[in-house]
Amino acid sequence: MSELLALFIGIALVNNFVLVQFLGLCPYVGTSQRLETAVPMTLATAFVMILTTLLTHTLYNFLLVPLGLEYLRIIAFIFAIASVVQMTELYIRQISPVLHQLLGIYLPLITSNCAILGLALTIAELPLHQAMVYAIGGAVGFGVVLVAFASLRERLQSEAIPRAFRGTPVALLAAGFMALAFAGFRGMG
Amino acid sequence: MVHVMVALLPGIAVHVALAGWQTLVVIGATTIAALVTEIACTRSARDLADGSATVTGLLIGLCLPASTLWFVCLVAAIIAVAIAKHAFGGLGNNVFNPAMAGYAAVLLAYPALVVEFDTVSGATALEQLAHRGSTTIEEVSTTQAFGAFGAANHEWVNLAFLIGGLYLIAVRVISPLLPLCVIAGIGITAFLLDDGGSSTSHGSPLFNWFAGGTMLSAFFIATDPVTSPSNRVGIVVYALGIGALAMLIRKYSSWPDGFAFAVLLANCFVPLLERIGRTRTSTS
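Respectively, the protein sequence lines represent chains A and B. Just so you know, we're using my numbering here: the first sequence kicks off at 1 and counts up by one. Just so you know, we're using my numbering here: the second sequence kicks off at 1001 and counts up by one.
In short, the hints are calculated from the structure, not lab data. Source: prediction; values computed, not measured. Treat each hint with caution, since some may be false.
[To be verified] Computed Cβ-Cβ distance ranges for the label pairs, DEER-style:
no.	chain 1	residue 1	chain 2	residue 2	range
1	A	Gly187	B	Phe1191	20 to 28 Å
2	B	Asp1050	A	Glu3	50 to 58 Å
3	A	Glu154	B	Val1036	26 to 34 Å
4	A	Gln94	B	Ile1188	43 to 51 Å
5	B	Leu1009	A	Glu154	32 to 40 Å
6	A	Leu5	B	Arg1172	38 to 46 Å
7	A	Phe22	B	Ala1045	39 to 47 Å
8	A	Glu154	B	Arg1172	28 to 36 Å
By construction, the Cβ of each residue, glycine as well, lies at the ideal position given by its N, Cα and C atoms.
So that you can see chain A by itself, here it is in the shape it has in the complex:
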């Protein structure tokens, strides 16, 4: 149990996908302008992360390894991730067209979210229960920093910000300081 907790904290905080491993930066910057897009993006990404983990883990251990095709894992994983994202997109379009519009291009782009492929490649050889804890920890870590960053960016609208820094530059500076703060977890676990 404590081993799983260490794994969870390890991936959620110490090796946070966004702020420590610098994976998944496109949705981190792209969907954090408003909390209204950051929260659904978090949920959609978490959903995709957990479902792809199940799918790619099964695919790797029950198809690729027995057939000796481990070298095809990247192609196989991208295929699995793309199908899950396609499914998620269809589902969101059905239940909330407004949300579908809000997330726009970032929804299909979950396919190319490097955090998800990175996750699939990292957990392929772990036992399934550890892989699931890893996926949930990764999703929680991604969601927490994305939501915090979105609410922080809403505060960065001040007129006092020098013109050269307005918009994306100051947001990237804030992301940098967030990464600086997360460096405090270094060496834990």
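Go by the hints and put chain B onto chain A.
Same frame as chain A, now just chain B:
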């Protein structure tokens, strides 16, 4: 801000008396660098009157060890004032505590130059706890890095900052709620982690209150009105979080002390805490 500077004086005096005159050079260097950066960013001396740049410079100088090289002081002060404050729109708009942003940046950029060595007793008590192998707390605490109730020397510095902090509460510059919650946060976490003295124990709450930067952070850094929440629920969560995170970083991470990172981490969540506080008040 004049009150804050007055309140810092006993701590600075004890710090300089125990750690040597070099600390005065470090504090002077960071303060002057912060003031010059402030003038360069605002292109006027008008904003100097609020004293915020001076306090930022003083706080960075107090965090850095006496042996810090001059250019490290310079980099820390420039990052603090120019990037963490003025790029975000100046005083009142900055999201991250400038002093802690500058200090954490040089801690990460020049780890070998900013290792906290005490000029009097060699490695500090927190350094020894972080790199002690399997020695028990009794064995470590017999070394001269440990004092009567806290870390050697640092216990008196912390006591002086505690007195300065009580002065700030007495003249109503800060409210007692925030520093009390920081102290409670680190105390409760230290108590829960303290198993009596095995090789993984990290000392009693009393030791952790009077080691490292506890009192300076609780009364002077975490209380920064711009980067801390304004509603009561937010303040309690923010301050307890800083205390708990600082203690967890002290014990589990590879850093000796965790306050700079704990404050920056808490800063990340202040806008969210403000938002939650607003919705709570508007619904009640």
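Hint by hint, here is what the structure shows:
1. A/Gly187 - B/Phe1191: 20 to 28 Å: Check passed, 23 Å falls within 20 to 28 Å.
2. B/Asp1050 - A/Glu3: 50 to 58 Å: holds, 51 Å
3. A/Glu154 - B/Val1036: 26 to 34 Å: Since A/Glu154 and B/Val1036 have Cβ atoms about 33 Å apart, the given range 26 to 34 Å holds.
4. A/Gln94 - B/Ile1188: 43 to 51 Å: Since the Cβ atoms of A/Gln94 and B/Ile1188 sit about 48 Å apart, the hinted range of 43 to 51 Å holds.
5. B/Leu1009 - A/Glu154: 32 to 40 Å: holds, 39 Å
6. A/Leu5 - B/Arg1172: 38 to 46 Å: holds, 44 Å
7. A/Phe22 - B/Ala1045: 39 to 47 Å: holds, 40 Å
8. A/Glu154 - B/Arg1172: 28 to 36 Å: At roughly 31 Å between Cβ atoms, B/Arg1172 and A/Glu154 fall inside 28 to 36 Å, so the hint holds.
When each numbered hint is compared with the structure, no violation occurs for any of them.
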